[in-house]
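Chains as they are written, first to last, in our numbering: chain V, 1 to 408; chain S, 1001 to 1235.
If you are wondering where the hints come from, they were derived from the structure by calculation, not from laboratory data. Worth double-checking, as some hints may not be accurate.
[Stated by the list, open to error] Under the rule of at most 27 Å between Cα atoms (straight-line distance), these lysine-lysine pairs were calculated in the DSSO-like manner:
{"id": "1", "chain 1": "V", "residue 1": "Lys-6", "chain 2": "V", "residue 2": "Lys-125"}
{"id": "2", "chain 1": "V", "residue 1": "Lys-6", "chain 2": "S", "residue 2": "Lys-1131"}
{"id": "3", "chain 1": "S", "residue 1": "Lys-1078", "chain 2": "S", "residue 2": "Lys-1068"}
{"id": "4", "chain 1": "S", "residue 1": "Lys-1148", "chain 2": "V", "residue 2": "Lys-6"}
[Unchecked claim] Taking CB as the label site, the calculated pair distances span:
{"id": "5", "chain 1": "V", "residue 1": "Met-265", "chain 2": "S", "residue 2": "Phe-1145", "range": "50 to 60 Å"}
{"id": "6", "chain 1": "S", "residue 1": "Phe-1145", "chain 2": "V", "residue 2": "Phe-382", "range": "28 to 38 Å"}
{"id": "7", "chain 1": "V", "residue 1": "Ser-227", "chain 2": "S", "residue 2": "Phe-1145", "range": "54 to 64 Å"}
{"id": "8", "chain 1": "V", "residue 1": "Gly-312", "chain 2": "S", "residue 2": "Asp-1223", "range": "46 to 56 Å"}
{"id": "9", "chain 1": "S", "residue 1": "Glu-1123", "chain 2": "V", "residue 2": "Phe-290", "range": "36 to 46 Å"}
{"id": "10", "chain 1": "V", "residue 1": "Phe-290", "chain 2": "S", "residue 2": "Gln-1015", "range": "28 to 38 Å"}
{"id": "11", "chain 1": "S", "residue 1": "Gly-1119", "chain 2": "V", "residue 2": "Ile-268", "range": "44 to 54 Å"}
{"id": "12", "chain 1": "S", "residue 1": "Arg-1144", "chain 2": "V", "residue 2": "Gly-312", "range": "19 to 29 Å"}
[Unchecked claim] Which chain V residues stay away from chain S? Per the calculated CB distances, all over 12 Å, these:
{"id": "13", "residue": "Thr-32"}
{"id": "14", "residue": "Ala-53"}
{"id": "15", "residue": "Gln-70"}
{"id": "16", "residue": "His-129"}
{"id": "17", "residue": "Ser-152"}
{"id": "18", "residue": "Glu-299"}
{"id": "19", "residue": "Ile-353"}
{"id": "20", "residue": "Asp-402"}
Where is the CB? At the ideal position from N, CA and C, for every residue including glycine.
What follows is each chain in one-letter form.
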Amino acid sequence: MGFTIKLAWRNIFRNKRRTFIAGLAIGVGLATLIFTDALILGMKANMIHSATAAYSGEGQIHRQGFRLTQDVEKTINNPAEVIAGLAKEEEVEAFTRRAMSFGMITSPANVSSVLFVGLDPESEKPLSHIDDNIQQGDFFSGPEARDIVIGSQLADLLEVSLGDRVVVTVSQAGSGSLAQDMFRVSGIYHFNIKEMDGGFAFVRLGKAQEMLGLGTGVHEIAIKFRSLDSAAEGNTSFWEKYSVNGNEAVSWMVLLPQLKGVLNMVWISLIFMAVLLFGIVAFGIINTLFMSIYERMFEFGVIRAVGTRPGGVRRLVVFEAGALAVLSIAMGTVLGLIITLIVMKTGIDYRGIEFAGTTFYEMLYPELHLQQFLIYPAAVFFFTLLVGLYPAGVAARMSISDALRKSL
Amino acid sequence: MNNGKERLIVAEDVQKEFRDDDIVVAAVRGIDLTVETGEFTAVVGPSGSGKTTFFNLISGLERPTAGKIWLKDQLVSKMSGRELADFRRDHVGFIFQAYNLIPVLTVEENIEYIMLLQGLAKEERRGRVRKILAEIGMEGFERRFPPKISGGQQQRVAIARAMVSRPELILADEPTANLDSQTGAALLDMMRELNRKTGMTFLFSTHDPMVRERADRVITLKDGRVVEDERRALN
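Let the sequences and hints guide you as you build the complete structure.
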């Protein structure tokens, strides 16, 4: 076995230029896979972060049924207990409470339906990007209880600007009677997301609770985790722990199913690309091995004549494929690492671009993971061996006398 | 046989036809032949007379269309591919016209190759390599690669490889064709000497008159048949 490996390794260096070109072609395929995987991982993290960090958070807790009905009466059960629990969670970086209801916002010029949200500005800041996207005014920096922050699109519709007055009408919990109050526009944000810029109106939590007749009740607790892995659906212990007493805790994967779908689609694209690349690589390997075999027909004839079994020849050619794979993997991983490291340093500027309902807020950086340098190279290695079986079979089956005759 | 020697090769009405669609070419047309152990025999004849085909049939590289071939009392013509590979490995040594050696293996590794196939231990292999290199006058060439030595030296190494596994039969197909006459003569003398020392049987397919001069038997083929079988007593 050791001798055959040595022979195979030396054989692939007989034609150094051809081996280098074939190895480089396979290596470029591998480098592309590594880089694309790293880019997709970075894109995934960026998309999830952009989508969840805008407003929703990476997880939310509600009263059961609230997400479906938005019923103002369905406030979270035992909120104090839930909040105390979250405050102790190691994996939770931040959380914030919200009260909300659909309502109507009116200006002297126009009227629109909105999701009227009461929030706590201080705990909201680390969780969402509303404060970061303020275009005019500020994000509840003053003491005024009647401040309201709205999106740019809504401001345009209502034809209001900073300092202008608007009236919000909502339906109260319990009685169902209408509550109305006047607010002064203190901030206008712009997310470049239609739903956010045109469909929300934010006030202080206390004011919203008062208008909605909730007392200290809240409808939603949005959560940000220290790691995205903790926010995944698979972290069942967390979601189960807070899905008690009539409440439900759900991951962003449930809150933003369209994002999960898009990410799945991206992975499918990677698989499709991998299949395509592997197909090209397969032709490269087969071509290289056949050229090498046909050049050495007489030699194969000699080694068969002196007593090498067909299996021995097959093994030799497969090992040559393996040796080519090792060389290609060395080139591919180094190339993949270099490209990824460069882009990790420079980043790709997708900021402001909306993709599948998500606007990228940050530079896109690929993410390196050890598995990229284990799984893909291993796949290339075994795939190369598999592809090598075909030329190996041809070499093993060739007629010895023909091989000896043709090449002389 | 009654001369005290054993029969090594027995060919009985051996025929070989090659077919290409409807065209049938008879390369060997009924050869009956016996070769005894220790012979130094030249098979001669013009191109297309069937020399190489006959060699291929004896060694099991090709199967006869009709007839039987025994080598060391084993019916070669009925062996499976794997049995033939093992049989050649253990009982037949080959020397070809050129390109005998694997260029990426050193002289030592080339000679070791068949012994590796035989599963001999490293010590045994290296011992035999040293001994045979001394016999062919190529001590010190162990680590050289074939492209770095002359054509004559390469043929010497090919002879060493063919003999080192101690087969009963050495088949040499035009072994001097690519060598100058002086080198060819020296090589033939060396093989003749090894033949005398070891008792191995040498069978040459050749056009070379130098081989004919040194052979103690000359079999002439023409159109796939034995037309002359001359035994000679040499000094």
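Verification of the hints:
{"no.": "1", "hint": "Lys-6(V) / Lys-125(V)", "verdict": "violated (63 Å)"}
{"no.": "2", "hint": "Lys-6(V) / Lys-1131(S)", "verdict": "holds (25 Å)"}
{"no.": "3", "hint": "Lys-1078(S) / Lys-1068(S)", "verdict": "holds (8 Å)"}
{"no.": "4", "hint": "Lys-1148(S) / Lys-6(V)", "verdict": "holds (20 Å)"}
{"no.": "5", "hint": "Met-265(V) / Phe-1145(S): 50 to 60 Å", "verdict": "holds (55 Å)"}
{"no.": "6", "hint": "Phe-1145(S) / Phe-382(V): 28 to 38 Å", "verdict": "holds (32 Å)"}
{"no.": "7", "hint": "Ser-227(V) / Phe-1145(S): 54 to 64 Å", "verdict": "holds (57 Å)"}
{"no.": "8", "hint": "Gly-312(V) / Asp-1223(S): 46 to 56 Å", "verdict": "violated (37 Å)"}
{"no.": "9", "hint": "Glu-1123(S) / Phe-290(V): 36 to 46 Å", "verdict": "holds (39 Å)"}
{"no.": "10", "hint": "Phe-290(V) / Gln-1015(S): 28 to 38 Å", "verdict": "holds (35 Å)"}
{"no.": "11", "hint": "Gly-1119(S) / Ile-268(V): 44 to 54 Å", "verdict": "holds (51 Å)"}
{"no.": "12", "hint": "Arg-1144(S) / Gly-312(V): 19 to 29 Å", "verdict": "holds (25 Å)"}
{"no.": "13", "hint": "Thr-32", "verdict": "holds (32 Å)"}
{"no.": "14", "hint": "Ala-53", "verdict": "holds (59 Å)"}
{"no.": "15", "hint": "Gln-70", "verdict": "holds (76 Å)"}
{"no.": "16", "hint": "His-129", "verdict": "holds (63 Å)"}
{"no.": "17", "hint": "Ser-152", "verdict": "holds (72 Å)"}
{"no.": "18", "hint": "Glu-299", "verdict": "violated (6 Å)"}
{"no.": "19", "hint": "Ile-353", "verdict": "holds (54 Å)"}
{"no.": "20", "hint": "Asp-402", "verdict": "violated (9 Å)"}
Checked against the numbered hints listed earlier, the structure breaks hints 1, 8, 18, 20; every other hint is satisfied.
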